[in-house]
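We have chain C; now place chain Y onto it with these hints.
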Amino acid sequence: MNIKREDIIHLAALSNFRLDEKEIDSLGRDLQDIIKYISQLDKLDTDNIEPTYQVIEMENVWRDDEILPQEADREALLALTKEAKDNQIKVPKVL
Amino acid sequence: MKIANKKVTAERLVRDALEKAKHFEDYHIFTFIDEEGALKKAREIDTKIAKGEKVGRLAGVPYALKDNFLSPRGETRASALMLEGFTSPVTATSVKKLEDEGAIMIGRTNMDAFAHGSSTENSYYGPTLNSHDRERVAGGSSGGSAVAVALDIVEFATGSDTGGSIRQPASFNGIYGLKPTYGCISRYGVVAMASSTDCIGFFTKTLEDMDLLMSIASGRDDKDMTTLPDFYEKSEGYTDKKMRIGVIREFDNDSVDQNIREALKKKIDLLKSKGHEIVELDMPALKYGLAAYYILVPAEVASNLSRHDGVRYGFRSENSKDLDSLYENSRSEGFMPENKRRIMIGNFVLSSGFYDAYFLKAAKARTLIVKEYEQAFSKCDFILTPVSPNPAFKLGEKVNDPVAMYLEDVMSVSLNLAGVPGLAIPAGETKDGISLGLQLVGPRRSDKCLIEFAKELQ
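Line by line, the protein sequences are chains C and Y.
For the first sequence, position 55 matches number 55 in the numbering used here, and the numbering has no gaps at all.
For the second sequence, position 261 matches number 356 in the numbering used here, and the numbering has no gaps at all.
Chain C on its own, in the form it takes in the complex:
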């Protein structure tokens, strides 16, 4: 398939990226090449084949629903953010 300029802008929006004109061009070319390469899967017959999403051979690993001691406390986690106030992370206005 052919990747158009508006496809790149849409994918950038889905990815939370702001691209400049140069990046739209260069990523557009790169993504076109990559998609051309991965499209060769069309040639592989996968009729009646179930998908595999993981190879761990286990399902539903359970544990008791209880709070376990954690390595990092609230203070240590808040210390990682640029700005915190009253035990909250501070960000610019939402709306």
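Pairwise CB distance ranges (calculated): (1) Y:D325 <-> C:D20: 50 to 58 Å; (2) C:S39 <-> Y:N348: 20 to 28 Å; (3) C:M58 <-> Y:P167: 25 to 33 Å; (4) Y:G132 <-> C:I9: 40 to 48 Å; (5) Y:G332 <-> C:R5: 54 to 62 Å; (6) Y:G332 <-> C:L68: 32 to 40 Å.
No wet-lab data here; the hints were simulated from the structure.
Note that beta-carbon positions come from the ideal geometry of N, C-alpha and C, so glycine has one too.
The following block gives chain Y in isolation, referenced to the frame of chain C:
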């Protein structure tokens, strides 16, 4: 492994490693060196030994940590601007296990940012140079770790392997590199790339060291629900019996470098001379492995890397007027071009209208690859293949051509899709002194036997 005892002090071992790290500074191996912290730990171990107290199996052994392993020592940045300022309050399970045995981290090693790459050229800090030829790449994504071991700065280094990121740099630098069975070593505390294929492993100069590190680091971890129940120590090792070794017909063609084909032939002859049987295998689905990989892994990358938004930790762009522009600016400035390509490809293959044609199709291809390995291991005990179609290439040669770079992974990624272990082994050099490597591949949970059998290839 050279450990601290009464003859040699931990402080001596650590000082030697730090001096060598400084000597090879222009290779850009380390992103951070913790001289003070490493020496403090060394003196603690020396004091214990002097008092006759018990010390661990890695007492005083200096090691290098790939920059995507969480530890409170130094910022964990995955060699990306996006994690600037991130000093982890937690320690990766694998790091804790190594340090509980007395290993001493001297520094963090350079990598492709977020482990996206096959050359360590996609690092925010710039590329690491190959240990044998400074005009060539170190391999990637764990390039710094491989070169740190190859230049004998440290006894071992950690790595992560999502599609070849341990095996390929190991082979580019002439050392051992193991990608264990998926779920063998806890992924807790390692910056996630693709959760269904990420594996933790090591670079070493000897097979004995690899075995020791595996017995220490492997095992079930409550903090990683995808770890397998303990099996490494309990599993059967190699007992000198004659083995059946598979070679893959599809990987023997003109697109593979002649030096690598000759190295493979030499090792096959060596195995035959020791009485092992060579079995030719047809694995036609493997050639689709790379296409399936570059759909499934970017999809997981897009999902895993959505957490890096500039809010809770790491880099935050200045001057954002509202929350949306904070996300956009931070991600646009913080990620490298290859990170952006993979995230956007991931969102493409997952988006409505393309999910069935790409993501679902690739997940079905994965089933065929898993089955192909199962069938192969009903005919042979291990498989011997190249790690990559070419030895270390020139710096800058492929960095602007993503598909050419991806093609370097064509022989390594299928192991990750199937969850089987692979051990990169040194296989000589070209006449120009460039390292050659091969990989020995085993069925799931055969890690111990794989490591022990590899001595037959020496």
